[in-house]
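Kindly generate the complete structure, drawing on both the sequences and the hints.
Taking this note's numbering, the leading residue of the sequence shown gets 9, the next gets one more, and so forth.
Source of the hints: derived by calculation from the structure; they are not laboratory data.
Predicted model only: the values in this text are computed from it and were never measured.
Just so it is clear, CB atoms sit at the ideal spot from N, CA and C, and this is done for glycine as well.
Do not take every clue at face value.
Per label pair, the in silico range of CB-to-CB distance [what the hints assert, rightly or not]:
| id | residue 1 | residue 2 | range |
| --- | --- | --- | --- |
| 1 | L64 | G31 | 26 to 36 Å |
| 2 | E188 | Q290 | 38 to 48 Å |
| 3 | V299 | E195 | 19 to 29 Å |
| 4 | M294 | E258 | 30 to 40 Å |
| 5 | F115 | P264 | 37 to 47 Å |
| 6 | E255 | E181 | 32 to 42 Å |
| 7 | E188 | E119 | 18 to 28 Å |
| 8 | V265 | E181 | 32 to 42 Å |
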Amino acid sequence: MNNLSKRAERAVALATAAGERLGLRAEQPRVLHDVFNVLVHLAPHPVVVRVPSLTLATAGEQAVKQRHELAVTGWLADTGAPVVRPSPLVPREPVECEGRSLTFWEFVTEEPLADGADLAELFVRQAADAAALHRLLAGYPGAGELPVLSPLVPAIGTALARLRTQDGHGLTEAELQRAEREYAVLEVLVRDLTAHFPGAHVQTLHGDSPAYNMLRTTGGPLYSDFEDVTRGPVEWDLTLAGPQAIEVYERAGGRPVDRALLDVMEGARLLQVVGALALVPQMPEMGPMMVPAIDLWRSRAPLTLPRSAP
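Dropping the structure here:
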């Protein structure tokens with residue numbers, strides 16, 4: 009518990025307090041991860057509490073997303089899918105604590121990567137797991153309750169509006185205006201994706217990048233981190249994976265990938281990073297890590313509606 013960041017210290021306090029309300033008294037709570045979320049293991053219980061630490065959402069808004077996440081991951085777990093499941097020791101519901109909404113997950117033991125492991129190669133291989141996950145998620149019975157591409161709309165709009173109120177974010181006025189125009193394009197696309205990409209198939213998605221969100225555990229690989237679960241085209245889950253990973257995905261039986269739609273989704277992913285600049289005041293050390301993606305966004309042509317759009 010030494011040398012924790014202030015956000016991690018607060019997360020431990022919130023996690024232990026929420027756990028005690030549910031009958032889980034942590035004797036040795038420990039932080040497993042501290043970036044966008046803080047993960048707190050309520051040892052000796054096999055329970056991990058996810059505490060949002062970098063967010064623009066209210067506790068109520070967080071809870072709406074978390075209920076979708078718990079429903080989808082709970083369904084996957086109940087069907088026997090290899091997924092980090094909601095903790096069976098507490099109800100499958102978010103827990104509000106001092107303005108944050110917390111979720112409780114089963115503790116798993118991760119396998120350390122071998123010395124010299126090539127992470128890029130690993131992520132390419134895991135694109136096959138993303139294909140398997142998409143086949144599972146296509147059968148999710150509650151798909152109609154999920155919003156379409158919610159990590160984009162309204163999330164990016166909220167972030168850009170916050171940027172408008174901040175100084176020192178590193179964008180010029182012209183760049184901020186470009187970002188706002190691109191977001192307007194996304195609003196149109198999300199409202200009726202198939203009008204612009206008639207071949208697009210909308211289904212339940214992981215919502216982030218499943219190839220980058222596999223845990224290698226002592227019990228085998230597990231899908232994890234569904235906090236951005238949504239509906240949309242599989243191309244959203246495959247953004248920035250790279251050509252090799254796309255080929256692996258298709259060979260593994262994933263849906264054929266529409267390269268034009270993938271390109272639009274990759275532009276949207278970079279715009280999401282631009283919006284995340286609004287979080288830098290909460291975690292200044294994140295700023296330098298975002299520079300390569302922001303530069304890549306600057307180098308791309310701005311997002312526009314497809315030429316075939318009516």
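Status of each hint after checking the structure:
The beta-carbon spacing between L64 and G31, approximately 32 Å, falls within the hinted interval of 26 to 36 Å. E188 and Q290 have their C-beta atoms about 22 Å apart, which leaves the hinted 38 to 48 Å range violated. Checked against the hint of 19 to 29 Å, the pair V299 and E195 passes, with Cβ atoms roughly 27 Å apart. Here the CB-CB span from M294 to E258 is close to 33 Å, well matched to the stated 30 to 40 Å.
Checked against the given bound of 37 to 47 Å, the beta carbons of F115 and P264, roughly 38 Å apart, stay inside it. Taking 32 to 42 Å as the suggested C-beta distance range, the pair E255 and E181 conforms, at roughly 41 Å. Our hint of 18 to 28 Å for E188 and E119 is violated, since their Cβ atoms are close to 44 Å apart. Under the hint 32 to 42 Å, the C-beta atoms of V265 and E181, about 36 Å apart, fit the expected range.
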